[in-house]
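Heads up: the sequence lines are chains A and B, in that order.
As numbered in our numbering, residues 1112 to 1449 make up the first sequence, in order.
As numbered in our numbering, residues 1112 to 1449 make up the second sequence, in order.
Rather than coming from a laboratory, the hints here were simulated on the basis of the structure.
Don't be surprised by glycine CBs; every beta carbon is placed ideally from N, CA and C.
Incorrect hints may have been included.
Claimed, not checked - A partial selection of chain A residues facing chain B, derived with a Cβ cut-off under 8 angstroms: (1) L1168; (2) E1233; (3) E1343.
To be verified - To give a feel for the contact side, a few chain A residues facing chain B, derived at Cβ under 8 angstroms: (4) S1133; (5) L1162; (6) R1166; (7) V1211; (8) S1218; (9) T1222; (10) T1297; (11) Q1363; (12) S1373; (13) G1376; (14) V1377; (15) K1378; (16) E1393; (17) F1396.
Number of protein chains: 2
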Amino acid sequence: MATTPKRRLPVMADVAKEAGVSHQTVSRVLNDHPNVRADTRARVEEAISRLGYRRNLVARALVTKRSRMLGVVSFDTTLYGPASTIYGIEQAARTAGYFVSIVSLKSLDATSVRAAIDYLTEQGVDGVVVVAPQRSAGRALESLPSGTPAVAVEGTHRADVSVVCIDQFEGARLATRHLLDLGHETVWHVSGPPDWLETEGRLAGWRTTLEAAGRPVPPPLPGDWSPRTGYEAGRRLAAMDEVTAVFAANDQMALGVLRALSEEGVKVPDRMSVVGFDDIPESEFFSPPLTTVRQDFDAVGRRCIEALLRQIDSGPVAYERLVVPPAFIVRSSTAPAR
Amino acid sequence: MATTPKRRLPVMADVAKEAGVSHQTVSRVLNDHPNVRADTRARVEEAISRLGYRRNLVARALVTKRSRMLGVVSFDTTLYGPASTIYGIEQAARTAGYFVSIVSLKSLDATSVRAAIDYLTEQGVDGVVVVAPQRSAGRALESLPSGTPAVAVEGTHRADVSVVCIDQFEGARLATRHLLDLGHETVWHVSGPPDWLETEGRLAGWRTTLEAAGRPVPPPLPGDWSPRTGYEAGRRLAAMDEVTAVFAANDQMALGVLRALSEEGVKVPDRMSVVGFDDIPESEFFSPPLTTVRQDFDAVGRRCIEALLRQIDSGPVAYERLVVPPAFIVRSSTAPAR
DNA sequence: CTGTTAGCGCATTCAC
DNA sequence: GTGAATGCGCTAACAG
């Protein structure tokens, strides 16, 4: 049956024999224990490289009960936001000496999220970060076995799960305020899909700013983050003469709006100003270049790992809520009202 | 020291005691062995759920020498291509019952790639897929310990490493041919960064098609995938009166070209036709909507996992080269030559 | 059908 | 400083 002779990989005992010491001592040099004489250490290290020995982290994890592996559960990692966040997480984790095991879900319902977390737990991750921007996902976190180190990106209000998020409200306020300061009577909004925390935060920031300024609050146009829904909203906006300023909940929808406006002959920013959210790499080259709100996903990733390691190293900690501030980027898609 | 009493998680022995059987029988029901009486199985399953038992896959991996974990090494997972490929890989892997551990590199030099693979190997992955679109990364694969199941996306020519790739040459041929068929005398090209296999494949497809048609081959304008370099190329192109058709090596650069052309008052597609490559979600809403070459990243991910599992399950196999065909998407950025 | 006996490769007591 | 036991939680033989 077995066609391959498959020579066994060297284990610690082989190194020990080769170096003429006990496997114990090998373990010591591998883990930088102080109590090893310099020349013994050298002998062992030489044996290691001669045999091409690589330690077996699985066996190590079994006894230490630490896998040095973190789990990440996320929704559609093809989107710019999640992809960037995960990239940040992975970089920070690896710097701290941890691996990252990823599960990308097609749907963020409570059942899927729970299954993903269970899956990761069985596999022995030391902690998990859930990139769970939807309310339903946040609820799934509530059933997480207490004691498991966990961090959520944008979500949940469970007392022992820390949260890292970008200040959506503030970002939306910045966008709306910018448009108002430009002299626009009010600002229309193309929102994200319901149940998303980002959608709610941006909606609230926009609405509150308008109300605080005593301006009328037009009904938000619903979108789903895709350029297509932005395009559809754009068509409707173009048909309404009184509209002079639009705040789209993300850059992709803003692109759709721009496209619809261009088709309808509505000049941006002359007749209408448009603001997005995210600052994807493409935004700077839209026609016209998009004024938008930049999110620092790298910082989010770093904060997640910091918070998670804090829990892993010192046990349950007080609930934390780490808020990363957004930045406002002014480009050419906005101008003073006529 | 230990402030938390930390109740130990239930292990197989606990379940066994609870169900009044041996831990072996528990193992049998967990692994769906046939030789277990129905009522015994039921008792065990009940005990499992009563205790909230979760099996320890680390211990399992130690004895089976199978971690059911795959490693992925990739470059900048923030880019649409890598992100989509990894998404496809993760989906396919999970369907097959495997986890995916990801390492995203900032630079794909041979040293980094080798370190990443070593890292993953120590950690006990059953196989690795390297999303290594650069020549230098391919070379790193050549030092991979023989016998390790591995698959490369776009790269390497090592005899025992299978490759999955999209037919770049054909995609570029389609794009160039389309422009030529529209009556353009020749086609200019904004290329990707050197050392990338995609860059070379697209360059070759473009050049060969031009030569086969007996057309002049203009010097390619160098880019680095970013919209900015496309923009710079666009400025130069706009300044040359004879240019009527441009093929950009990716959609982001095409966006930059479009932006530059728009600034210079060069109408697309009236005075100049533009084609991209990738079909990112935004392309359909560029101004004008972009004619481009679509890559099926999901298929790439699936093929990778299929090839990898084939190696894992049946040992080293003959070198395979799986080529995924591209699709050509005609939109509004191309038109007949004046 | 089910239980018993051995390890998987390593780190962690302890001795010396 | 170093070596000898012991066991992490599980599956793989082999009994019965």
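Status of the hints after comparison with the structure:
1. L1168: holds, 5 angstroms
2. E1233: Status holds, d = 5 angstroms.
3. E1343: With a minimum Cβ separation of about 11 angstroms from chain B (threshold 8 angstroms), the hint on E1343 (chain A) is violated.
4. S1133: violated, 21 angstroms
5. L1162: Violated: closest Cβ of chain B sits about 13 angstroms from L1162 (chain A), beyond 8 angstroms.
6. R1166: For R1166 (chain A), the interface hint holds, since the closest Cβ of chain B sits about 6 angstroms away, which is under 8 angstroms.
7. V1211: Since chain B brings a Cβ to about 6 angstroms from V1211 (chain A), closer than 8 angstroms, the hint holds.
8. S1218: It is violated, given that the least Cβ distance between S1218 (chain A) and chain B is near 13 angstroms, above 8 angstroms.
9. T1222: violated, 15 angstroms
10. T1297: violated, 26 angstroms
11. Q1363: holds, 6 angstroms
12. S1373: holds, 5 angstroms
13. G1376: violated, 12 angstroms
14. V1377: Nearest chain B Cβ about 13 angstroms off; hint violated.
15. K1378: violated, 12 angstroms
16. E1393: holds, 6 angstroms
17. F1396: holds, 4 angstroms
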